[in-house]
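The residues making up each chain are set out below.
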Amino acid sequence: MLGKPSWFMRRKYTGWGFTPKTWQGWVYIIIMILPFIIITEIGNFGKIQLTFMIIWAIIFAADFIHILLNLKMDERERIHEAIAERNALWIIILVLGLGLAYQAASGIASQNNFTVDPVILIALVAGLLAKIISNIYLDRKN
Amino acid sequence: METNIAYYRDKLGLTQEKLADMIGATRQTIISLEQGRYNPSLLLAHKITKALQRKNIEDVFIIK
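In the order they appear, the protein sequences are chains D and X. All residue numbers for the first sequence refer to my numbering, where the first residue is 1 and numbers rise by one. All residue numbers for the second sequence refer to my numbering, where the first residue is 1 and numbers rise by one.
Hints listed in this document are in silico derivations from the structure and should not be mistaken for laboratory results. Treat the hints with caution; some may be incorrect.
Computed list of lysine-lysine pairs in DSS-like fashion (alpha-carbon distance at most 30 Å, straight line) [as the list claims (entries may be wrong)]:
1. D:Lys141 x X:Lys50
2. X:Lys18 x D:Lys4
3. D:Lys12 x D:Lys72
Next up, chain D with everything else stripped away, as it sits in the complex:
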């Protein structure tokens, strides 16, 4: 892997993911983003350009996930992170639920049929599955 988790810290007040903690972290971010800017600025190379962008994006995403999973946190930070993530999830579920209810209600009111965005349903079911799998794994682990 290219980036070291010790160069970064978890993003607390500005969203999800991580933010650079050391100068190496900033250099890493610049190095990872620079090829995208250069390729875009150089011009259109068609397939070669697209292939390079996809490969670079895969490398970037894999490294990003590796850093994220290995970010150093002590137990207090882990507890804080877990509570903050739980609260965020509750709000997301609430908004998605209200969205579903609104879609269903407006569908019934206007066309008398039950129409909802499948993406919202998939998101809720996927979240439910993630929770079930996490609980099974954690119950077996300790």
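Start from chain D and add chain X according to the hints.
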């Protein structure tokens, strides 16, 4: 939970940062512990006790 972390840390001439590094925690966690705002796990309490060169957890952490 009250603690004697600051007392024993000063005695050993350790900064909050140094103690945090020794036990694999952050300085913010040490501050919270010293101010009695955070109850540590048994493992963390043990690590701190060891880092402060005390034999008993009760020397460092006071449960009332």
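Cross-check of the supplied hints:
no. : hint               : in the structure
1   : D:Lys141 x X:Lys50 : holds, 28 Å
2   : X:Lys18 x D:Lys4   : holds, 22 Å
3   : D:Lys12 x D:Lys72  : holds, 14 Å
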